[in-house]
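From first to last, the protein sequence lines are chains A and B.
Numbering-wise (our numbering), the first sequence opens with residue 1 and increments by one.
Numbering-wise (our numbering), the second sequence opens with residue 1 and increments by one.
Derived by calculation from the structure, the hints in this document are not laboratory data.
A quick note: this is a predicted structure, and the numbers were derived from the prediction, not measured.
The beta-carbon is built from N, C-alpha and C at its ideal position, and this holds for glycine as well.
None of the hints are false.
Facing chain B, a subset of chain A residues (Cβ under 8 Å, in silico):
#, residue
1, N125
2, I129
3, L185
4, V341
If you want the footprint, here are the derived chain A segments under chain B, 3+ residues with CB under 8 Å:
#, stretch
5, 30 to 43
6, 49 to 62
7, 100 to 114
8, 117 to 123
9, 343 to 349
Here are the simulated lysine-lysine pairs, BS3-like style, with alpha carbons at most 25 Å apart:
#, chain 1, residue 1, chain 2, residue 2
10, B, K169, B, K133
11, A, K127, B, K133
12, B, K123, B, K42
13, B, K42, B, K133
14, B, K123, A, K127
15, B, K123, B, K133
16, B, K210, B, K123
17, A, K339, B, K54
18, B, K133, B, K162
19, A, K127, B, K42
20, B, K210, B, K42
21, B, K123, B, K162
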Amino acid sequence: MTSVQYREIEGRSAGYAALLGVLGILVLGGLAAAWTMEHQGHFITGMSNRIVWGTPHVFAVFLIVAASGALNVASIASVFGRELYKPLARLSGLLALTLLAGGLAVLVLDLGRPERLVVAMTHYNFKSIFAWNIFLYTGFFAVVALYLWTMFERRMNRHTKPAGLLAFVWRLVLTTGTGSIFGFLVAREPYNSAILAPLFIIMSFSFGLAIFVLVLMAACRWTGRALGDAVVDRLRTLLGVFAAAVLYFVAVQHLTNLYIARQHDVERFFLLQGGVYTVLFWGGQVLVGGLLPLALLFGARSRGSLVLASGAVILGGLAQLYVLIIGGQAYPQLMFPGKEVRSSFFDGVVAAYAPSLPEVALGVGGVALALALTAVALKVLPFLPRSLADGEVAPAKA
Amino acid sequence: MNPERRQLLAWGAAAAAGAMLAPGLRLVELAQARSPEEAASKLQRWGLLIDIAKCGECDACVTACHEENGVTSRGRPTTDPQWIRKVSLADRQTGYVQTLPLMCQHCEHPPCVDVCPTGASFKRADGIVLVDKHTCIGCRYCVMACPYAARSFVHEATSGQKPDVPRGKGTVESCTLCVHRVDRGDTPACVVACNRDGGRAMAFGDLNDKGGVLYQRLRDEPSSQIRADLALNTGVRYQGL
Numbered sequence: 001m002t003s004v005q006y007r008e009i010e011g012r013s014a015g016y017a018a019l020l021g022v023l024g025i026l027v028l029g030g031l032a033a034a035w036t037m038e039h040q041g042h043f044i045t046g047m048s049n050r051i052v053w054g055t056p057h058v059f060a061v062f063l064i065v066a067a068s069g070a071l072n073v074a075s076i077a078s079v080f081g082r083e084l085y086k087p088l089a090r091l092s093g094l095l096a097l098t099l100l101a102g103g104l105a106v107l108v109l110d111l112g113r114p115e116r117l118v119v120a121m122t123h124y125n126f127k128s129i130f131a132w133n134i135f136l137y138t139g140f141f142a143v144v145a146l147y148l149w150t151m152f153e154r155r156m157n158r159h160t161k162p163a164g165l166l167a168f169v170w171r172l173v174l175t176t177g178t179g180s181i182f183g184f185l186v187a188r189e190p191y192n193s194a195i196l197a198p199l200f201i202i203m204s205f206s207f208g209l210a211i212f213v214l215v216l217m218a219a220c221r222w223t224g225r226a227l228g229d230a231v232v233d234r235l236r237t238l239l240g241v242f243a244a245a246v247l248y249f250v251a252v253q254h255l256t257n258l259y260i261a262r263q264h265d266v267e268r269f270f271l272l273q274g275g276v277y278t279v280l281f282w283g284g285q286v287l288v289g290g291l292l293p294l295a296l297l298f299g300a301r302s303r304g305s306l307v308l309a310s311g312a313v314i315l316g317g318l319a320q321l322y323v324l325i326i327g328g329q330a331y332p333q334l335m336f337p338g339k340e341v342r343s344s345f346f347d348g349v350v351a352a353y354a355p356s357l358p359e360v361a362l363g364v365g366g367v368a369l370a371l372a373l374t375a376v377a378l379k380v381l382p383f384l385p386r387s388l389a390d391g392e393v394a395p396a397k398a
Numbered sequence: 001m002n003p004e005r006r007q008l009l010a011w012g013a014a015a016a017a018g019a020m021l022a023p024g025l026r027l028v029e030l031a032q033a034r035s036p037e038e039a040a041s042k043l044q045r046w047g048l049l050i051d052i053a054k055c056g057e058c059d060a061c062v063t064a065c066h067e068e069n070g071v072t073s074r075g076r077p078t079t080d081p082q083w084i085r086k087v088s089l090a091d092r093q094t095g096y097v098q099t100l101p102l103m104c105q106h107c108e109h110p111p112c113v114d115v116c117p118t119g120a121s122f123k124r125a126d127g128i129v130l131v132d133k134h135t136c137i138g139c140r141y142c143v144m145a146c147p148y149a150a151r152s153f154v155h156e157a158t159s160g161q162k163p164d165v166p167r168g169k170g171t172v173e174s175c176t177l178c179v180h181r182v183d184r185g186d187t188p189a190c191v192v193a194c195n196r197d198g199g200r201a202m203a204f205g206d207l208n209d210k211g212g213v214l215y216q217r218l219r220d221e222p223s224s225q226i227r228a229d230l231a232l233n234t235g236v237r238y239q240g241l
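Can you make the complete structure from the sequences, with help from the hints?
So this is what it looks like as structure tokens:
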């Protein structure tokens with residue numbers, strides 16, 4: 001195969017300007033929301049002393065998880081040697097960086113004291129998984145930047161494989177860290193499970209690839225680049241496998257709980273009587289995020305179905321994180337087994353929560369930031385191949 | 001030497017030794033009590049013992065705590081901070097009703113301290129778990145980790161702060177065991193109020209002090225910890241739970 005030709009996108013069209021304009025407005029909206037929350041205090045949001053992590057955290061965790069998953073395409077090319085994916089590797093690395101930046105921006109801007117970020121950079125408690133994550137996230141930027149450099153700089157190409165391996169291992173550790181934020185919470189029945197780390201890793205594969213597919217297809221379409229069936233079909237199969245794997249891990253998580261008497265109330269909450277969380281679990285996470293994409297990907301094999309399936313995976317993923325993060329807090333903490341508990345602090349009852357405008361604006365602002373950074377980067381550096389037509393990319397070997 | 005004389009000498013020697021050692025022993029005791037300038041010491045482990053049988057339908061402890069610490073309500077129950085709350089328990093099988101005060105349990109192995117990224121959530125040598133308001137970034141991971149829902153996030157600007165009790169919007173706070181009073185040699189406000197206006201259900205003391213009331217009661221009477229299964233070795237113990 002001849003070497004892949006990459007080229008910046010032109011970025012002079014009205015469409016490109018409009019895209020950046022819309023994303024810019026959404027980013028500004030997110031900043032305004034953060035500023036308001038910071039000045040007024042978090043009481044203006046839907047969050048409370050029972051639901052301390054709300055919609056911003058759903059978006060932030062989604063973006064951070066997706067960031068590590070977006071790198072998968074590059075890993076498949078450099079670590080596992082699949083030539084077909086090689087032309088996609090630069091975009092994969094770029095999305096890993098921009099999605100992480102968007103997610104971290106949301107996380108930081110939601111802090112009670114975001115201006116103390118420097119404190120988080122100078123005071124560490126190394127028993128805290130959050131503290132590890134600060135290193136894992138900043139390290140990820142460095143490792144992926146290095147990895148991209150080995151791809152961009154011809155003289156460094158021979159180092160792409162070791163750099164890719166390092167990035168691959170790093171992203172696995174990073175997502176283990178993200179899952180363990182919840183997995184290590186010993187006192188909350190909905191979390192407190194080692195399965196959350198691998199579940200988050202497989203979620204990252206799925207969410208990251210769904211975003212990658214949509215960005216790739218949009219970029220190719222809007223810049224008039226050919227995108228052959230070889231690439232599309234391979235991505236379709238891969239997304240199907242990942243979506244199925246997410247369902248598998250979710251099934252194992254709940255089956256394990258169903259076997260343990262102590263966890264029966266938790267399962268009854270999520271699977272049967274949890275109101276909005278039950279609806280989001282079955283309707284959002286399982287149906288829209290799992291079964292629908294599988295039907296679309298393995299049923300109708302059209303590009304439209306791949307786009308729809310990717311969108312469904314993203315919506316289902318957001319629903320999954322909403323159920324996990326917010327539903328997991330809404331479910332009352334078990335302090336007095338065998339007792340009905342009541343208090344002025346809402347002990348013993350399902351905590352009420354509704355997303356507020358500032359929270360949604362901040363979360364959406366993070367997504368917009370990630371996409372805006374991507375769009376700008378595509379214009380500045382040659383991340384995209386000139387063509388992904390079937391004849392131009394290596395035949396699918398495996 | 002005849003036996004009486006020998007006995008007398010022995011007594012005399014013992015008395016002399018006692019006279020010489022006593023001030024030393026007293027000094028050890030004095031050394032254990034700390035002056036305000038001195039750092040907290042591992043020699044103490046401050047804690048509470050709460051006898052639920054004596055705890056009735058009053059909230060003297062809650063009122064006293066929030067008054068002492070300047071914790072005010074804005075009339076927004078979901079976001080107003082609560083350092084201590086009364087919890088009502090009804091047995092699911094029999095309906096038997098109990099009530100108890102619940103606050104930071106001042107664990108020996110506090111999950112809030114484990115998860116805090118900056119170390120703002122910390123445990124003093126004498127077992128009191130606190131939040132350093134200068135290094136808390138407001139991430140709320142400690143609120144997620146606390147098994148007792150004992151922590152509050154300050155959701156809006158504070159007013160009526162007490163000089164001894166720093167608070168601030170955007171940081172997390174919880175019961176300090178009235179550390180400012182304990183450091184002066186006083187008793188936490190909730191315990192004072194309970195013994196003055198309530199059911200005399202609460203006792204404060206040093207879990208390490210074998211001569212102290214708390215230690216002796218825990219040695220001689222049954223008691224329990226909330227979520228003892230987590231093996232956190234709480235500083236707050238309950239009777240009648």
